[in-house]
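Below are the chains, spelled out letter by letter.
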Amino acid sequence: MKSLKSPSDLEKLRKDILAKKDPKRLAIAACVSTGCQALGAQKVLEAFDEEIKKQGLEGKVEIKETGCLGFCEKGPRIVIYPEEIYYFQVKASDVPEIVSKTLISNEIVERLLYTDPVTGKKARYLSEVPFYKYQNRLLLESNRKLDPKKIENYLAIGGYAALAKALFQMTPEDVMKEVKDSNLRGRGGGGFPTYRKWESTRNALGEPKYVIVNCDEGDPGAFMNRALMEGNPHSILEGLIIGAYAIGSHEGFIYVRQEYPLAVENMETAIKQAEELGLLGEDILGSGFDFKVKIHRGAGAFVSGESSALMTAIEGKVGEPRPKYVHTSEKGVWDKPSTLNNVETWANIPLIINNGAEWFASIGTAASKGTKIFALAGKVNNTGLVEVPFGVSLRDIIYKIGGGIRNGKKFKGVQTGGPSGGVIPKQHLDSPVDFDELTKLGSMMGSGGMIVMDEDTCMVELARYFVNFLCDESCGKCTPCREGLKQANKILNGIVSGKGTEEDIKKLEKIAEVTSVASLCALGKTSANPLLTTLRYFSDEYEAHIKEKRCPALACKELISYYIDPEKCKACMICHRNCPADAIIGEKMKIHVIDQSKCTKCGTCYDMCPPRFRAVKKVSGEPVPPPIPEEERLIKRAKKEKRD
Amino acid sequence: MYEDRIDKIIDKYETEKGILIQLLLDIQHEFNWIPKEAIKRISERLKIPYSQIFRVASFYTALSLKPIGRHLVRVCVGTACYVRGAPRILDSVENKLGIKSGETTSDGKFSLETVNCLGCCALGPVIEIDRKYFGKLNSAKLEKILSSCN
Chain A
1 MKSLKSPSDL
11 EKLRKDILAK
21 KDPKRLAIAA
31 CVSTGCQALG
41 AQKVLEAFDE
51 EIKKQGLEGK
61 VEIKETGCLG
71 FCEKGPRIVI
81 YPEEIYYFQV
91 KASDVPEIVS
101 KTLISNEIVE
111 RLLYTDPVTG
121 KKARYLSEVP
131 FYKYQNRLLL
141 ESNRKLDPKK
151 IENYLAIGGY
161 AALAKALFQM
171 TPEDVMKEVK
181 DSNLRGRGGG
191 GFPTYRKWES
201 TRNALGEPKY
211 VIVNCDEGDP
221 GAFMNRALME
231 GNPHSILEGL
241 IIGAYAIGSH
251 EGFIYVRQEY
261 PLAVENMETA
271 IKQAEELGLL
281 GEDILGSGFD
291 FKVKIHRGAG
301 AFVSGESSAL
311 MTAIEGKVGE
321 PRPKYVHTSE
331 KGVWDKPSTL
341 NNVETWANIP
351 LIINNGAEWF
361 ASIGTAASKG
371 TKIFALAGKV
381 NNTGLVEVPF
391 GVSLRDIIYK
401 IGGGIRNGKK
411 FKGVQTGGPS
421 GGVIPKQHLD
431 SPVDFDELTK
441 LGSMMGSGGM
451 IVMDEDTCMV
461 ELARYFVNFL
471 CDESCGKCTP
481 CREGLKQANK
491 ILNGIVSGKG
501 TEEDIKKLEK
511 IAEVTSVASL
521 CALGKTSANP
531 LLTTLRYFSD
541 EYEAHIKEKR
551 CPALACKELI
561 SYYIDPEKCK
571 ACMICHRNCP
581 ADAIIGEKMK
591 IHVIDQSKCT
601 KCGTCYDMCP
611 PRFRAVKKVS
621 GEPVPPPIPE
631 EERLIKRAKK
641 EKRD
Chain B
1 MYEDRIDKII
11 DKYETEKGIL
21 IQLLLDIQHE
31 FNWIPKEAIK
41 RISERLKIPY
51 SQIFRVASFY
61 TALSLKPIGR
71 HLVRVCVGTA
81 CYVRGAPRIL
91 DSVENKLGIK
101 SGETTSDGKF
111 SLETVNCLGC
121 CALGPVIEID
131 RKYFGKLNSA
141 KLEKILSSCN
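Quick note, the sequences are listed as chains A and B, same order. According to my numbering, the first sequence is numbered sequentially starting from 1. According to my numbering, the second sequence is numbered sequentially starting from 1.
Simulated from the structure, these hints should not be mistaken for lab results. Here the structure is a predicted model, which means the values were calculated and not measured. C-beta: ideal position from N, C-alpha, C; glycine also. It cannot be assumed that every hint is accurate.
Simulated coverage check for chain A against chain B, where a stretch passes if three residues somewhere in it have a Cβ under 8 Å from a Cβ of chain B [stated by the list, open to error]: (1) 316 to 326; (2) 368 to 379.
Capping the alpha-carbon separation at 30 Å, the derived lysine-lysine pairs in DSSO-like fashion look like this [claimed, not checked]: (3) K64(A) - K149(A); (4) K324(A) - K272(A); (5) K47(B) - K100(B); (6) K272(A) - K12(B); (7) K292(A) - K12(B); (8) K601(A) - K549(A); (9) K66(B) - K409(A); (10) K294(A) - K47(B); (11) K549(A) - K66(B); (12) K66(B) - K410(A); (13) K486(A) - K100(B); (14) K12(A) - K43(A); (15) K618(A) - K100(B); (16) K43(A) - K109(B); (17) K525(A) - K331(A); (18) K426(A) - K617(A); (19) K617(A) - K136(B); (20) K91(A) - K136(B); (21) K8(B) - K47(B); (22) K568(A) - K409(A).
This is chain B alone, in the form it adopts within the complex (with noise of 0.2 Å):
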C-alpha cells in the first residue's frame, strides 16, 4: 500500500547524486516515519546498500524508525527553554501521556519526543505540537493545548 508513494518520492530524486537524506527526509514528513519497505524499495532502485540507508536512518533524530502517533509532540529541550522549566513541561508533559519521550501512547494517539532547539528561544518553554509551536508555556497553558488535539 505504501509502495506507490513511495515510488513517487524517490521518481524525483533519481537522476541526481547525494539525496539520501532529503529522500528520507520526505519520507519522513510522507508516513511520519521511516517505514523498512522504503529502505528495500530505495535500496533497489538506487542501489544503496541497505545498510547503508539504515545508517543514515538511524543516525538523524529527525527520523524515525518507529511509527509514531497521530499528534506528534516535542517538548524543546533547549537551554534557554532549559533555564526557563522545559524540565517541569517535559514531566508534565509525560505525566498528562502517560509516556516518556520517544514513547507513544498506546491507543496511537499522541507521541513524545524532545528536541535540542526550535529556534523560539525567547518564548520558552515552548513546544510544537503537528508542526504548530506554543511558546510562555506553563501547566495550565499545556492543558489546554493538550486536551485540544483529538
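Next comes chain A alone, as it looks inside the complex (with noise of 0.2 Å):
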C-alpha cells in the first residue's frame, strides 16, 4: 500500500477497503489468541482448511484469526459469518458437520451453540449470551471484528480517523483538554489522573521526552493487556501517537513481557503496517509530526512494571525502582520526561477524541470514568474478559456475567488488584466498583485481575502465597520489604502447617505497618494489603489455624488427613494404582485403607475416587477414624447367575 499523505488519502483508502467488503461473504472468524490456543484452536483452523478443501468450497470461504473475544472459558470459538452464529467449545471433529451443514445448508449445529446453564436454552445471537448482555465492550469489542495482523481491518472500522481528528482540527493544547475533561484515570493500578501526568511531561525542562505503553502486566490473574495488545494491536498505537503529539514528544517505547510472545508479535507486525502507511514515523500524514516507536521486552521480573523499575529496564539496566520524590514525568528514561500509561490507558485514547469527553465522562462513576475490563479467574463458572462501566457491582460481575460460583460451591471472598490487592468477604459484594470503593475496602483495583474463591480456599494459605510472591519478587533494594516480607512469610508459613503461636497475628500486623510505611516502591508499600485484609475480613480462620490447629477450608497439607470412608468405598482399585506413595492398602473385592505413616497428603485419591462413590475423604483438627476390623472388608457383593 502507498504511504498516506493527507486525512483525504487515509478517507479515500478507508472508502476503497470498504468498497471491496461483501457483506454476503461466508467467512470464519476463529479466536487465535494464547487462551483459545491453550484449547487447540490451532487444530480447529487446519481442520477448517482440509476441509473446506474436501467439500469442494475452496476459495469460497474467508478464514479470518481474530483476537479474544473474551469468554475463554468456553473456547476455541468460533463464529461464521455473515449471519454471526457463534459456536463455541468447537473441537477439530467438529468441523466437517460445521463446514457440511452451516457453510453448505446454512443450517445450525445446535449442540455447538451456548447453552444457558440455567434455562437451558440455546443461545443463537451473542447478545443473548448472559456473559455478554450485560457487559458493555467499548475496547473489547472490536477484537471479534478485527484480524490483528491486518491494518485494512482496523482502518474498515473507523482506525486512525481519532488521529487524523487530533492532528488536522486540534492543537496540543485541545487533545490536553478533551483528556483533562475526560477525567480518565491510569488503568494500570493507582487509577492516577492520566491528564495530570501527561501535562507535567509536556512542561517538564529536557528533551527527548518519551512516551510508554506499559504491557508488564505481571500481576498474576490478569490478562486484559495480552487480550487488548494481540487482539487489537493498532488502537493502542493509535491512542499512543495521539498522546505523543498532545505531549509534544517524538520517540515511544512499548513495553511488553516475554511471556506474551503472540502480544510482542502482532505489535510488531502493527508497528511494520503503520510505519507502511505513513501513520507512524516521519511527518504523519503529512502534518508535520515525527513519531517513531520501539518495542522492548521484559525478561520476567514483577518489580519492574512499576513505574521507574520499568524506565531502568528500558535502558537496559537491571529493573529496580529508585525513589519517586522526583516523579518519573519529569525525570524517567535516561533522566527524561517520561509518560508511562497503561495498555488500557492508551486504547480509551482514541474513543475519546472521536466521541468528545462528555460522552466519555457520562459512563462509569462520580470520579471514575469510561469502562474497566476485569479478567474474572478462579472459582467462577464462566472465566474470561469482562468489560463493565465503573460502578456495577461485584455482585453483578460475579453473578450475573460469572455465572456463579462453580460446582455450587459457596463463595468466601474475591481477590482484587493482584498482590499488591487484597480479598473482599461477601458481605461487602454489593460494593460498587470503582477505584476509590476498592481502596476503602483494603483492597484496590490493580490492573484489573478478579479471582473469585469458594469455601475450598484457605485465605491464610491465600495470604502465605501472596507474601511468599512478594517475598521472590523484592528486587532487595530496600530493608523494610526485602526483611519484612522475609519475616511475614516465615510466620505465615509455620501458621499452615500448624506451628503459630497467638503472637504471632500481633507480629504480622507490625510488620505490615513498618512495610506500607516505609518500602521504597508500591511492591513493598502495597505488600501489606493481602494480609491486612485476610486479617480483618477472616480472623476466625487464622484463629483455627493457630488455637485449634485446624484448616476450615481442608486445604492446608499439614494440617489435614485423608481417609477412606469404609461404607463408600467400592474396592475398585483407582485410588491403590494411582496413589504415588503406595499408601494405599486394598485389593479387588477388598474396601481399600489409607497407611496414614506413608500418606503424602497430595490429593491424588481424593481428585481420582469416582464421583458417584466420593470415598475419599478430608478432615482436620480430628483425628481419623480408626480402620475397620480385617474380617469387616471383604465385599461380598451378589454374583451374577451363570446363563446356559
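If you follow the hints, you should be able to join the two separate chains into one complex; please do so.
Shown next, in the form of C-alpha cells:
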C-alpha cells in the first residue's frame, strides 16, 4: 500500500477497503489468542482448511483469525459470517459437520451453540448470552471484528480517524483539554489522573520526551492487556501517537513482557504496517508531526512493572525502582521527561477523541469514568474478560456475568488488584466497583484481576501465597520490603503448618505497618494488603489454624488427613493404582485403607475416586476414624448367575 | 562453536543504546540459556563490564545461566491457576519427571520451571511446554501431554 500524505488519502483508502468488502461473503472467524490456542484453536483451524477443500468450498470461504472475545471458558470459539452464528467449545472433530451443515446447507449445529446452564435455552446470537448481555464492551468489542495482523481491518472500523482528527483539527492543547475533561484515570493500578501525568511531562524541561506503553502485566491473574495487545494492537498505537502529539514527544517505547510472545509479534506487525502507511514515522499523514516507536521486551520480573523500574529496564539495566520524590514524568528514561500509561489507558484515547470528553465522562461513577476490563478467573462458572462501566457491583460481575460459583459451592471472597490488592468478603459483594470504593475496602483496583474463591480456598494459605510471591519478587534494594516480607513469610509458613502461636497475628500486623510506610516502591508499600484484608475479614480462619491447629477450608497439607469411608468404598482399585506413595492398602473386593504413616497428602486419591462413590474424605483438627476390622473389609457382592 | 551465532545476534544491536536485556533475551531464545561465552563476547564487543551483564542475566527469570533440557516445562502458579489446583499439577509433574522446579532431568530431556502468570487465567491450571500452551489441565491430560514429548 502507498504511504498516506493527508487525511483525505486516509479516508479514500478507507472507502476503497469498505467498497471491496462483500457483506454476504461466507467467512469463518476463529479466535487465535493465547487462551483459545491453549484449548486447541490451531487444530480447529487446520481442520477447517482441510475440510473446506474436501467439500469443494475452496476460495469461497474466507478464514479470519481474530483476537480474544473474552469468553475463554468456552473456547475455542468461532463465528460464521454473514449470519454471525457463534459456536463455542469447537473441536476439530466438529468441523466436517459445521462445513456441511452450516456453510453448505445454512443449518445450525445446535449442540455447539451456547446453552444457558439455568434455563437450558440455546443462544442463537451473542447478545442472548448472559456473559455478554450485561457488559459494555467499548474496548473489547473491536476484537471480534479484526484480524490483528491486518491494518485494513482496523481502518475498516474507523481506525486512525481519531489520529487524523487530533493532528488536523486540534492543537496539542485541545487534545490535553479533551483528556482532562474526560477525567480518564490510569488503568494500571493506581488510578492516577492521566491528564496530570501528561501535563507534567509536557511542562517538564528536557528533550527528548518519551511516551511509554506498559504491557508488563505482571499481576498473576490479569490478562486484559494481553488480550488488547494481541487482538487490537493498532488501537493502542493510535492512542500512543495522539498522546505523543499532545505531550510533544517524538519517541516512544512499548514495553511487553516476553511471556506474551503473540502480543509482541502482533505489535511488531502493527508498527511495521503503520510505518508503511505513513501513520507512524516522519511527517505523519503530512502533518509535519514525527513519531517513532520501539518495542522493549520485559524479561520476567514483577517489580519491573513499577514505573521507575520499568524505565530503568528500558535503559537495559536491572529493573529496580528508585525513590520517586522526583517523578518519572519529569525525569524518567535516561533522566528525560517520560509518560508511562497502561495499555488500556492508551486504548481509551482514540475513543475519547472520536466521541468527545462529554460522552466518555457520562459513563461510570462520579470519580471513575469510562469502562474497565476485568479478568474474571478462579472458581466462577464463566471465566474470561469482562468489560463493564465503573460502578457495577461485584455481585453483578460474579453472578450475572460470571454465572456464579462453580460446582454449586459457596462464595468466600474475591481477590482484586493482584498481589498488591486484597480479598473482599461476601458482606461487601454489593459494593460498586471503582478506584476509590475498592481502596476503601482495603483492596485496590490494580490492573483489573478478579479472582473468585469458594469455600475450598484457605485464606491464610492465600495470604501466605501472596507474601511468598512478593518475597520472591522483591528486588531487595530496600530493607523494609526485603526483610519484612521474609519474616512475614516465615510466620505464615508456621501458621499453615500448625506451628503458629498467638503472638503471630500481632507480629504480622506490626510488619505490615512498617513495610507499608517505609518501603521504597509500590511493591513493598502495598504488600501488606493481602495480609491485612485476610486478617480483617477472615480472622476466624487464622484463629482456627493457630488455636485449634485446624484448617476450615481443608486445604493446608500439614493440617489435614485423608481417609477412605468404608461405607462408600467399592474397592475399585483406582486410588490404589494411582497413589504415588503406595500408601493405599487394598485389593479387589476388599475395602481400601490409607496407611497414614506413608500418606504424603498429595490428594491424588481424592481427585481420582469416581464422583459416584466419593469415598475419599478429608478431615482437619480431628483424628482420622480408626480403620474397620480386617474381617469386615471384604465386600460381598451378589454374583451374577451364569446363563446356560 | 557458539561464536558465530553469538556475533550475529550482537551485530543486530551494536549501534543502539539500552539494548542489553533485548540482546540477552535473543541469546536465551537462540540457545535456551546464556552461555558464559556469550557474556564474555558481549562484554568485549560492546564494552559493557562483565559483572553488569552477569547482574542483569541473574536478575531476570526469563534468563537462565544453566543449560536446560530439550523440553522446557513451565507450570503456571499465578493466583488464578493456584486456586484451581496448580500446586497439585506441579506436584505431579515433579513426581513424574523426578525433578524439582528449577532442575533438569539427568538425561537432559526435561527442564522444569514455575512461572508467575502465563495470562491464560481463565483456563487454569495451565502449563506451557516448548512455547505451546495447555489449559484446563488434570492429571490424566498431563500424563498424555508429557508422554507425547520425545
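### Proposed proximity, K100(B) with K47(B) (alpha carbon, max 30 Å)
Violated, at about 38 Å.
Notebook entry, point to check: Taking 30 Å as the top limit, are the C-alpha atoms of K426(A) and K617(A) close enough?
Noted result: Roughly 27 Å separates the two Cα atoms, so the pair holds.
Fill in: Pair hint outcome, K324(A) versus K272(A) [Cα-Cα no greater than 30 Å]
With Cα atoms ~35 Å apart, K324(A) and K272(A) exceed 30 Å; violated.
Is it true that the CA of K12(A) sits at most 30 Å from the CA of K43(A)? Given that 30 Å is the threshold and the Cα spacing comes to 38 Å, the pair is violated.
Exercise for the section: Count residues of the stretch 368 to 379 of chain A with a Cβ under 8 Å from any Cβ of chain B, then say if the count reaches three. Expected result: holds (count 5)
Discussion item. K272(A) and K12(B) were given as a pair; does the straight-line alpha-carbon distance stay at or below 30 Å?
Written reply: Between K272(A) and K12(B) the Cα gap is close to 18 Å, so the pair holds against 30 Å.
- Given hint K409(A) paired with K66(B) - CA-CA distance at most 30 Å: Cα-Cα ~44 Å, so violated.
For the pair supplied as a hint, K43(A) and K109(B), is the alpha-carbon distance within the 30 Å limit? 26 Å, holds
*For the stretch 316 to 326 of chain A, do at least 3 residues have a Cβ located nearer than 8 Å to some Cβ of chain B?*
holds (count 4)
Straight-line alpha-carbon gap K8(B) to K47(B), limit 30 Å: The given pair, whose Cα atoms are some 17 Å apart, holds under the 30 Å limit.
Does the structure keep K568(A) and K409(A) at a Cα separation of 30 Å or less?
Between K568(A) and K409(A) the Cα gap is close to 22 Å, so the pair holds against 30 Å.
What's the verdict on K64(A) and K149(A), does the C-alpha distance respect the 30 Å limit or exceed it? 10 Å, holds
Checked against the numbered hints above, the structure violates hints 4, 5, 9, 11, 12, 14; every other hint is satisfied.
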